[in-house]
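**Q** When you get a sec, could you build the whole thing from the sequences and use the hints?
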Amino acid sequence: MTSPRTAVVVFPGSNCDRDNVRSWRAVTGLEAELVWHKETSLPDYDLIIVPGGFSFGDYLRCGAIARFSPVMSEVARLAARGSLVLGICNGFQILTEARLLPGALTRNRDLKYICKDVTLRVENASSAFTSRYAPGQVLRIPVSHGEGGWSASLRELKELQDQNRVVFRYCAPDGSVSPQDAPNGSLDNIAGVLNERGNVMGLMPHPERLAEEILGGVDGRGVFLSLLEAASGGLKR
Amino acid sequence: MTDIIGPWTEHGLTEDEHARVVELLGRVPNRLELALFGVMWSEHCGYKNSRALLAKLPVDGPQVLQGPGENAGVVDLGDGLAAAFKMESHNHPSAIEPFQGAATGVGGIIRDIFAMGARPTASLNSLRFGEPDDPRVKRLLNGVVAGIAAYGNCMGIPTVGGDLQFNPSFQGNPLVNAMCLGLLRSDRIFRGQASGPGNLAMLVGARTGRDGIKGASFASEELSDHDHDKRPNVQVGDPFMEKLLMEATLEILEAGLVVGLQDLGAAGLTSSGAEMAGRAGNGLRLDLERVPLREEGLSPWEIMLSESQERMLLVVEPRRAAEVEAIFEKWDLQAAVVGQVTDDGLFAVRLHGEVLAAVPAELLTDKAPVYVRPQKEPAYFRRLRQADLSAVPEHRDWSGLLLRLMAAPNLCSRRWVYEQYDHMVGLNTVLRPGGDAAVLRLPDSRKGLALTSGCNSRWVYLEPRLGAAAAVAEAALNVAATGARPLALTNCLNFGNPENPEIYWQFAQAIDGLAEAARRLGTPVTGGNVSFYNEYDGRAIQPTTTIGLIGLLDDVELRTPHFFREPGDLVVLLGRTLEELGGSEAHRLLTGRDEGPPPSLDLDLAAALNALLPQAAALRLLRSCHDVSDGGLAAAVAECCFPLDVGVELDFRLPVSAGAAFFGESQSRALVSLAPGAFQAFQDLAAARGVPTTLLGRTADHGRLTMRCNADVLSLELAELKEAWSSALPRAAAL
Numbered sequence: 001m002t003s004p005r006t007a008v009v010v011f012p013g014s015n016c017d018r019d020n021v022r023s024w025r026a027v028t029g030l031e032a033e034l035v036w037h038k039e040t041s042l043p044d045y046d047l048i049i050v051p052g053g054f055s056f057g058d059y060l061r062c063g064a065i066a067r068f069s070p071v072m073s074e075v076a077r078l079a080a081r082g083s084l085v086l087g088i089c090n091g092f093q094i095l096t097e098a099r100l101l102p103g104a105l106t107r108n109r110d111l112k113y114i115c116k117d118v119t120l121r122v123e124n125a126s127s128a129f130t131s132r133y134a135p136g137q138v139l140r141i142p143v144s145h146g147e148g149g150w151s152a153s154l155r156e157l158k159e160l161q162d163q164n165r166v167v168f169r170y171c172a173p174d175g176s177v178s179p180q181d182a183p184n185g186s187l188d189n190i191a192g193v194l195n196e197r198g199n200v201m202g203l204m205p206h207p208e209r210l211a212e213e214i215l216g217g218v219d220g221r222g223v224f225l226s227l228l229e230a231a232s233g234g235l236k237r
Numbered sequence: 238m239t240d241i242i243g244p245w246t247e248h249g250l251t252e253d254e255h256a257r258v259v260e261l262l263g264r265v266p267n268r269l270e271l272a273l274f275g276v277m278w279s280e281h282c283g284y285k286n287s288r289a290l291l292a293k294l295p296v297d298g299p300q301v302l303q304g305p306g307e308n309a310g311v312v313d314l315g316d317g318l319a320a321a322f323k324m325e326s327h328n329h330p331s332a333i334e335p336f337q338g339a340a341t342g343v344g345g346i347i348r349d350i351f352a353m354g355a356r357p358t359a360s361l362n363s364l365r366f367g368e369p370d371d372p373r374v375k376r377l378l379n380g381v382v383a384g385i386a387a388y389g390n391c392m393g394i395p396t397v398g399g400d401l402q403f404n405p406s407f408q409g410n411p412l413v414n415a416m417c418l419g420l421l422r423s424d425r426i427f428r429g430q431a432s433g434p435g436n437l438a439m440l441v442g443a444r445t446g447r448d449g450i451k452g453a454s455f456a457s458e459e460l461s462d463h464d465h466d467k468r469p470n471v472q473v474g475d476p477f478m479e480k481l482l483m484e485a486t487l488e489i490l491e492a493g494l495v496v497g498l499q500d501l502g503a504a505g506l507t508s509s510g511a512e513m514a515g516r517a518g519n520g521l522r523l524d525l526e527r528v529p530l531r532e533e534g535l536s537p538w539e540i541m542l543s544e545s546q547e548r549m550l551l552v553v554e555p556r557r558a559a560e561v562e563a564i565f566e567k568w569d570l571q572a573a574v575v576g577q578v579t580d581d582g583l584f585a586v587r588l589h590g591e592v593l594a595a596v597p598a599e600l601l602t603d604k605a606p607v608y609v610r611p612q613k614e615p616a617y618f619r620r621l622r623q624a625d626l627s628a629v630p631e632h633r634d635w636s637g638l639l640l641r642l643m644a645a646p647n648l649c650s651r652r653w654v655y656e657q658y659d660h661m662v663g664l665n666t667v668l669r670p671g672g673d674a675a676v677l678r679l680p681d682s683r684k685g686l687a688l689t690s691g692c693n694s695r696w697v698y699l700e701p702r703l704g705a706a707a708a709v710a711e712a713a714l715n716v717a718a719t720g721a722r723p724l725a726l727t728n729c730l731n732f733g734n735p736e737n738p739e740i741y742w743q744f745a746q747a748i749d750g751l752a753e754a755a756r757r758l759g760t761p762v763t764g765g766n767v768s769f770y771n772e773y774d775g776r777a778i779q780p781t782t783t784i785g786l787i788g789l790l791d792d793v794e795l796r797t798p799h800f801f802r803e804p805g806d807l808v809v810l811l812g813r814t815l816e817e818l819g820g821s822e823a824h825r826l827l828t829g830r831d832e833g834p835p836p837s838l839d840l841d842l843a844a845a846l847n848a849l850l851p852q853a854a855a856l857r858l859l860r861s862c863h864d865v866s867d868g869g870l871a872a873a874v875a876e877c878c879f880p881l882d883v884g885v886e887l888d889f890r891l892p893v894s895a896g897a898a899f900f901g902e903s904q905s906r907a908l909v910s911l912a913p914g915a916f917q918a919f920q921d922l923a924a925a926r927g928v929p930t931t932l933l934g935r936t937a938d939h940g941r942l943t944m945r946c947n948a949d950v951l952s953l954e955l956a957e958l959k960e961a962w963s964s965a966l967p968r969a970a971a972l
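Chains X and E, in that order, give the protein sequences.
Residue numbering for the first sequence follows the numbering used here, beginning at 1 and increasing consecutively.
Residue numbering for the second sequence follows the numbering used here, beginning at 238 and increasing consecutively.
Rather than coming from a laboratory, the hints here were simulated on the basis of the structure.
Be aware that a few hints might be false.
What the hints assert, rightly or not - The following label-pair restraints were derived from C-beta to C-beta distances:
id	chain 1	residue 1	chain 2	residue 2	range
1	E	Val473	X	Ala80	38 to 46 Å
2	E	Asp603	X	Pro43	54 to 62 Å
3	E	Gly518	X	Leu34	40 to 48 Å
4	X	Leu34	E	Ala918	47 to 55 Å
5	X	Arg77	E	Gly518	52 to 60 Å
6	E	Arg288	X	Ser73	54 to 62 Å
7	X	Ala80	E	Asp370	24 to 32 Å
8	X	Glu39	E	Ser536	17 to 25 Å
9	E	Pro372	X	Ser73	46 to 54 Å
10	E	Ala918	X	Glu39	55 to 63 Å
11	E	Gly518	X	Pro43	18 to 26 Å
Every residue gets a Cβ at the ideal spot worked out from N, C-alpha and C, and that includes glycine.
**A** Right under this line is the structure:
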């Protein structure tokens with residue numbers, strides 16, 4: 001196994017970029033490189049994290065401007081090549097705007113920003129992003145967003161469900177899923193989804209925020225450990 | 238004394254002040270110069286009514302690297318690390334336009350922090366509103382919290398704490414006091430000085446527009462019903478622009494490209510330019526045609542007084558200018574050379590080479606008149622001390638009273654507020670909001686930093702000297718409760734019109750109390766802000782001396798949460814409980830009145846407790862520690878039970894009435910839980926420091942909160958109490 005080469009993309013207004021570098025290091029012992037959004041040519045990274053924040057101030061619509069940054073054509077190129085791409089929060093929003101992931105993220109149901117721990121149920125534990133979790137495992141991971149309600153056409157939703165591409169659902173602490181468990185009003189309680197090929201995932205919750213004991217929990221570590229394994233060649237894509 | 242209406246009037250100067258300008262200048266100032274004096278000598282910029290008294294505050298200590306007078310104070314944290322922190326008010330803008338007013342308050346204080354070369358790491362805020370049953374108050378509450386959230390969240394700076402109180406005195410004049418703390422290397426403190434004649438002045442960040450013109454003067458007047466037309470005085474914030482400005486600024490500072498810098502806040506280019514020149518003893522010449530404008534046709538005085546947000550003034554050596562421009566270009570920001578440092582001491586404004594104004598910088602910054610106003614003890618002061626305080630002791634339905642109290646606006650859960658703030662970004666928040674103080678871990682260090690901000694406004698009103706001292710003592714105890722040693726403080730002093738002798742008496746008394754407590758508790762004042770004229774239609778607010786205080790944990794792993802951890806632990810009360818119900822939440826709930834003398838403060842006991850708690854934490858004797866304050870012992874117990882749903886079975890005696898035992902707010906008390914095996918060692922430690930202990934009972938697994946004091950019983954189902962506490966604020970805030 002070789003160490004995966006990892007990048008964290010920095011847009012103007014990204015604010016979880018350094019947090020992801022820090023948690024990636026804390027969990028895997030490896031470094032990740034910060035990549036500026038104006039880059040037009042990237043080396044063949046094995047893993048690219050598109051971090052949270054307010055890229056371009058979230059003006060116009062979350063992620064709508066960031067998708068035109070030069071680096072995004074490189075992210076698309078590497079995704080097509082089979083590199084792993086993880087979008088967290090604003091990163092998820094950017095990946096949906098870039099059509100690398102289905103659906104769209106809309107204003108929270110109660111119209112307020114929400115920052116708190118939520119419980120998630122692992123719906124697909126065989127992906128490159130979740131292999132370290134058990135199917136149905138309940139995780140405690142924070143959300144922090146104003147526009148996190150995932151939405152899509154019923155056809156898209158059905159396709160995701162049929163192809164096992166719903167990765168996380170908001171749930172009650174006992175693992176049961178009902179609409180009030182989604183803090184943002186997400187369709188079908190969806191918190192994270194995969195692309196068709198299974199190498200691009202977006203999620204609204206922040207696994208990097210609970211990846212060290214001192215922060216109050218480690219349920220987020222599994223995402224990074226799964227990625228480490230997959231990007232090191234442990235998983236076939 | 239009646240003032241003659243002259244050209245100075247529109248700039249907020251009195252006839253006497255104008256005469257002083259003429260005398261100092263040796264000539265009559267022109268209109269633009271008059272405008273410069275008007276804003277620089279306003280209370281907001283010149284502190285003319287407060288400067289003399291503020292000199293009483295203790296500002297020195299071995300930990301202080303930078304005291305008052307700069308953009309922010311700086312204290313040493315050891316290991317080559319330092320913290321820059323400061324607090325400021327944005328009360329009037331928030332009263333007129335709550336979302337933008339609060340947002341730009343946050344933006345301003347953040348700029349003060351990165352102007353010192355520090356990376357902003359955490360924010361706090363202390364808020365005051367009228368009673369929330371008023372729809373106007375609901376709108377203010379929602380707007381202010383959303384505005385703070387919008388700005389801080391976008392910046393990626395966690396908002397980790399603060400306080401919130403409701404009182405009718407704030408109905409038309411809410412308080413928004415925002416604090417920010419940043420981390421920097423202790424050998425890399427930057428200052429707002431225009432050093433080196435010949436160096437360039439560069440204006441960076443947003444373009445200059447017409448917003449917020451004369452905001453500083455507006456802050457120095459009372460509010461009234463006719464203030465809707467002052468909305469154009471309120472600036473509009475752009476947190477995205479500020480995020481870029483912050484990153485670019487930190488990048489140029491890291492590269493060592495800047496001699497001095499300052500943010501543009503109140504009075505915009507005028508105050509930042511004059512202050513930077515004044516501090517360095519130099520002059521500064523500005524060429525206004527070089528200032529990037531948002532729109533055509535701004536007049537020179539508009540450019541000089543604009544309070545457009547997200548701008549900084551840098552002083553740069555000419556040979557470095559190109560590098561500075563390149564970094565700002567990377568962040569898609571403008572950096573324009575707008576002037577030069579001179580050696581003639583003059584703050585000069587030119588337009589296409591024509592000199593429009595030229596006055597010695599020090600006249601603007603250091604020669605504002607200093608007023609020590611007449612003082613008069615307010616009529617209410619003695620009257621309210623004579624209050625009948627029997628309502629609580631005679632109430633007897635202790636369970637019912639606690640249930641109502643925990644759902645009261647001042648005591649219910651603040652979750653509705655802090656869940657709108659991103660309080661985790663940055664991955665440093667290791668004790669989250671909701672406890673006594675937030676705790677941050679420090680990068681590349683074992684240490685931790687505790688932060689809090691707050692004040693009991695009612696106590697400051699009832700007895701300003703005692704109330705201000707109590708605000709310091711409680712903030713220090715909040716920090717000590719987490720296991721940290723109190724280190725230093727900043728403050729925001731909110732009062733009514735200082736020209737009213739009764740208000741000025743409140744202010745003078747409060748300064749004395751603040752000074753005395755800060756000195757005795759070893760927490761020097763590293764900076765602060767005074768906000769006068771907090772009145773609405775002639776009614777002054779309850780004076781509020783908000784204290785922002787930080788403390789240091791030598792080992793962040795020793796941090797102590799405020800809540801009970803598990804059943805079977807011993808619960809111990811520290812400190813002395815006296816028959817003190819004056820100014821209490823319970824008395825107000827039952828009578829609707831703020832009255833009676835606030836509880837006494839023994840600063841020696843406070844200091845002993847502040848030393849005991851970190852020591853006990855370091856010995857790992859404590860499972861939890863919470864200060865006993867608003868709502869008294871019963872409220873403190875409830876707050877310790879809620880987070881992990883741990884019940885209690887307490888049975889104890891105290892030498893006071895049951896009402897005072899449950900709901901009295903005697904100061905310098907803390908509620909701790911500890912494993913039974915740790916009790917003896919802890920008691921010995923407390924005894925050695927002269928801190929009285931009372932064993933109250935144990936935590937329990939039965940889901941009830943039961944307290945027996947003397948012959949009286951208070952007992953409630955925890956779930957019912959928690960529901961009342963949790964649901965109250967969302968319900969009160971609902972529009």
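**Q** The structure should be examined with respect to each hint, and the outcome stated for every one.
**A** Here is how each hint holds up against the structure:
Range check, Val473(E) to Ala80(X): Cβ separation about 42 Å, and the 38 to 46 Å hint holds. The hinted range of 54 to 62 Å is satisfied by Asp603(E) and Pro43(X), whose Cβ atoms lie roughly 57 Å apart. Checked against the hint of 40 to 48 Å, the C-beta distance between Gly518(E) and Leu34(X) comes to roughly 41 Å, which is consistent with it. For the pair Leu34(X) and Ala918(E), the supplied restraint of 47 to 55 Å holds, since their beta-carbon distance comes to about 49 Å.
The beta-carbon spacing between Arg77(X) and Gly518(E), approximately 58 Å, falls within the hinted interval of 52 to 60 Å. Separation of Arg288(E) from Ser73(X) is about 58 Å and conforms to the stated range, judged on CB atoms against 54 to 62 Å. A hinted range of 24 to 32 Å is violated for the C-beta pair Ala80(X) and Asp370(E), which are about 59 Å apart. Remark: the range hint 17 to 25 Å for Glu39(X) to Ser536(E) is contradicted by a beta-carbon distance near 44 Å.
At roughly 51 Å, the beta carbons of Pro372(E) and Ser73(X) sit within the given window of 46 to 54 Å. Between Ala918(E) and Glu39(X) the Cβ separation comes to about 59 Å, which falls inside the hinted range of 55 to 63 Å. At roughly 52 Å, the beta-carbon separation of Gly518(E) and Pro43(X) lies outside the given 18 to 26 Å, and the hint is violated.
In terms of the numbered hints stated before, the structure departs from hints 7, 8 and 11, listed from lowest to highest.
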